[in-house]
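So you can see what is in the structure, the chains are spelled out below.
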Amino acid sequence: MLKEDFVIFSNIRRILIRTSIDYSKLDFGSIRGVVYLRGVFQLPRHLAGEDQEKVKEISEKTLFSLEKKLRNIPGVSDVLFQFENWRKERGQWVPIEKKRKAEEMKEEEDEEKTRSDL
Amino acid sequence: MRRKPDQIYRKILGEIEKALESHPNYADLHHQLGLLFIAQGDRRKAESHFIKALRINPNYQEATFNLGCLYLEMGRGTEAEKIFLAELKKSPKGGHLHHLLGMVYLKRGRKREALSQMRKAIQCCPYYVDFYKKNGFWKEGRLDPGVKAEEFLKRFPQNYHSAQLHHFVGIYLAQKGRPTQAVQELKKAAKWNPDQFLFHANLGAVYYFQGSYSKAIQEYQKALKINPLYGMGYAHLSYLYGLIGQTRKALWNMKKAVSLNPNYADLHYNLSLLYSDRKQYEKAISELKKALHINPQYILARVNLGVLYEEQKKYPLAKKEYKKVLQINPDDEHVRKRLERIS
Numbered sequence: 001m002l003k004e005d006f007v008i009f010s011n012i013r014r015i016l017i018r019t020s021i022d023y024s025k026l027d028f029g030s031i032r033g034v035v036y037l038r039g040v041f042q043l044p045r046h047l048a049g050e051d052q053e054k055v056k057e058i059s060e061k062t063l064f065s066l067e068k069k070l071r072n073i074p075g076v077s078d079v080l081f082q083f084e085n086w087r088k089e090r091g092q093w094v095p096i097e098k099k100r101k102a103e104e105m106k107e108e109e110d111e112e113k114t115r116s117d118l
Numbered sequence: 119m120r121r122k123p124d125q126i127y128r129k130i131l132g133e134i135e136k137a138l139e140s141h142p143n144y145a146d147l148h149h150q151l152g153l154l155f156i157a158q159g160d161r162r163k164a165e166s167h168f169i170k171a172l173r174i175n176p177n178y179q180e181a182t183f184n185l186g187c188l189y190l191e192m193g194r195g196t197e198a199e200k201i202f203l204a205e206l207k208k209s210p211k212g213g214h215l216h217h218l219l220g221m222v223y224l225k226r227g228r229k230r231e232a233l234s235q236m237r238k239a240i241q242c243c244p245y246y247v248d249f250y251k252k253n254g255f256w257k258e259g260r261l262d263p264g265v266k267a268e269e270f271l272k273r274f275p276q277n278y279h280s281a282q283l284h285h286f287v288g289i290y291l292a293q294k295g296r297p298t299q300a301v302q303e304l305k306k307a308a309k310w311n312p313d314q315f316l317f318h319a320n321l322g323a324v325y326y327f328q329g330s331y332s333k334a335i336q337e338y339q340k341a342l343k344i345n346p347l348y349g350m351g352y353a354h355l356s357y358l359y360g361l362i363g364q365t366r367k368a369l370w371n372m373k374k375a376v377s378l379n380p381n382y383a384d385l386h387y388n389l390s391l392l393y394s395d396r397k398q399y400e401k402a403i404s405e406l407k408k409a410l411h412i413n414p415q416y417i418l419a420r421v422n423l424g425v426l427y428e429e430q431k432k433y434p435l436a437k438k439e440y441k442k443v444l445q446i447n448p449d450d451e452h453v454r455k456r457l458e459r460i461s
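Chains as they are written, first to last, in the numbering used here: chain A, 1 to 118; chain B, 119 to 461.
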């Protein structure tokens, strides 16, 4: 099986461009067939003004499709995502910022509950 | 230049005017509107938008070039001369500026001054020798505008604007995910002004997006023939050769890209991959070290360096790199496993 990292790298780059992902804040590479993607995942700028829920939905779909395409590159043995703003948990893509906010809100709610209990 | 307002241009004009309502201080938007109004034959509005673009960003060279050429087209040669001379004070080594000024002087019948500017254009950018030869400005080994040059001059400001307009529209359509139309526009730009390396480079980029790799390679090669110092052009060629599995050519082009842009960590990283694939590990390590010297936080380069050390059984060095990676990113399980394996 093809395992030339530069060939894999060129394919990753092509996929990112064709998927219209804004990869200006992404680092990517291939290390002995293991693909790395790090940094901030962003959709193209022209979607920036769209409704938040719609952007989330498109992001999830794009991430699923991106992972599938990356795994299909000949020679790729694994794909590691290390995004600052998205994480894959139990097979689902979750926006990290929102998750943090949700956790913070839950913590606040718990604190409120504790106070009222007292 | 075509004066019939085209449907696409009108649509884009509407979109840009709308964008300008939210961002009235974006010089780019004013510049783009200037080009679109020229296409519609409204030179006054075009002039007004170029001036606004330059008020917002006085160093906006493209807007200066377009405004100067618009003045020339409107028969306001003195203003064209003034604007190019002012710009030349800021960029005395601007080959394109000397060339434009040369065209202004020729249009105004000041041949001696024109030839002086054209000679300076050649000094700054030797490519202009070929350009002047091709367009009838060269005879018996020296600058000597002939009949063909007169034809060029007649069409000069209009052709210049047409090329700029098609180039802008091409990029706009490509960014909107319409590569087929983008290619048509960029081809027109390159036809109107085949000597702008950027037109060919951008056409190459859109072909690349479309998956037409041999056409993309051809356009990047044209761009590099015009401007051999366009370092990223070599990098793009390298990626293209990588895609089609021609890694020897990819290596040659990446080396050129690195030599022209020695401070780009990414290019050193890419070159290291090519060396590593060819089992030239010492060279690969050297390139990774250069990448890390430029950007010590470049995790991928550090992981790669660790892997190369590990493969050469230089375990203490590999461990050192893996530990540095885990300091920056403790969640990296791939690196943690590698570290455990050699500890």
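Just so you know, the hints here were simulated from the structure itself, not pulled from any lab data.
Heads up, a few of these hints could be off.
Within a straight-line C-alpha distance of at most 25 Å, the following computed DSS-like cross-link-like pairs (lysine-lysine) qualify [said to hold, decoys possible]:
id	chain 1	residue 1	chain 2	residue 2
1	B	229	B	170
2	B	397	A	3
3	A	3	B	401
4	B	136	A	54
5	B	257	A	3
6	A	25	B	397
7	A	3	B	170
8	B	251	B	343
9	B	442	B	401
10	B	455	A	88
11	A	54	A	88
12	A	54	B	408
13	B	431	B	441
14	B	408	A	25
15	A	3	B	294
16	A	25	B	407
17	A	3	B	208
18	B	333	B	397
On a predicted model such as this, the values are computed, not experimentally measured, just so you know.
Tested hints:
1. Pair hint residue 229/B plus residue 170/B does not hold up; C-alpha atoms about 33 Å apart against a cutoff of 25 Å.
2. For the hint pairing residue 397/B with residue 3/A, the CA-to-CA distance comes to about 12 Å; that is within 25 Å, so the pair holds.
3. With a C-alpha separation of about 19 Å, the suggested pair residue 3/A and residue 401/B falls inside the 25 Å cut-off, and the hint holds.
4. With a CA separation close to 22 Å, the supplied pair residue 136/B and residue 54/A stays within the 25 Å bound.
5. Annotation: proposed proximity of residue 257/B to residue 3/A is violated, straight-line Cα distance about 55 Å (limit 25 Å).
6. For a cut-off of 25 Å, the pair hint linking residue 25/A to residue 397/B is broken: about 30 Å separates their Cα positions.
7. Our distance criterion of 25 Å between C-alpha atoms is broken by residue 3/A and residue 170/B, whose separation comes to about 53 Å.
8. A threshold of 25 Å between alpha carbons decides the hint, and for residue 251/B with residue 343/B the separation of about 16 Å falls inside it, so the pair holds.
9. Taking the CA atoms of residue 442/B and residue 401/B, the gap is near 22 Å; set against the 25 Å cutoff, the hint holds.
10. With a C-alpha separation of about 20 Å, the suggested pair residue 455/B and residue 88/A falls inside the 25 Å cut-off, and the hint holds.
11. A threshold of 25 Å between alpha carbons decides the hint, and for residue 54/A with residue 88/A the separation of about 19 Å falls inside it, so the pair holds.
12. Restraint check for residue 54/A and residue 408/B: the C-alpha separation of about 42 Å exceeds 25 Å, so the hint is violated.
13. Between residue 431/B and residue 441/B, the direct Cα distance comes to roughly 16 Å. Compliance with the 25 Å bound is thereby established for this hinted pair.
14. About 21 Å separates the Cα atoms of residue 408/B and residue 25/A, which keeps this hinted pair within 25 Å; it holds.
15. For the proposed pair residue 3/A and residue 294/B, the alpha carbon gap of about 34 Å is over 25 Å, so the pair is violated.
16. Taking the CA atoms of residue 25/A and residue 407/B, the gap is near 22 Å; set against the 25 Å cutoff, the hint holds.
17. Between residue 3/A and residue 208/B, the direct Cα distance comes to roughly 50 Å. Violation of the 25 Å bound is thereby established for this hinted pair.
18. Distance check on the hinted pair: residue 333/B and residue 397/B sit about 31 Å apart at the alpha-carbon level, beyond 25 Å; violated.
Consistency with the previously given hints fails for numbers 1, 5, 6, 7, 12, 15, 17, 18, ordered from lowest to highest.
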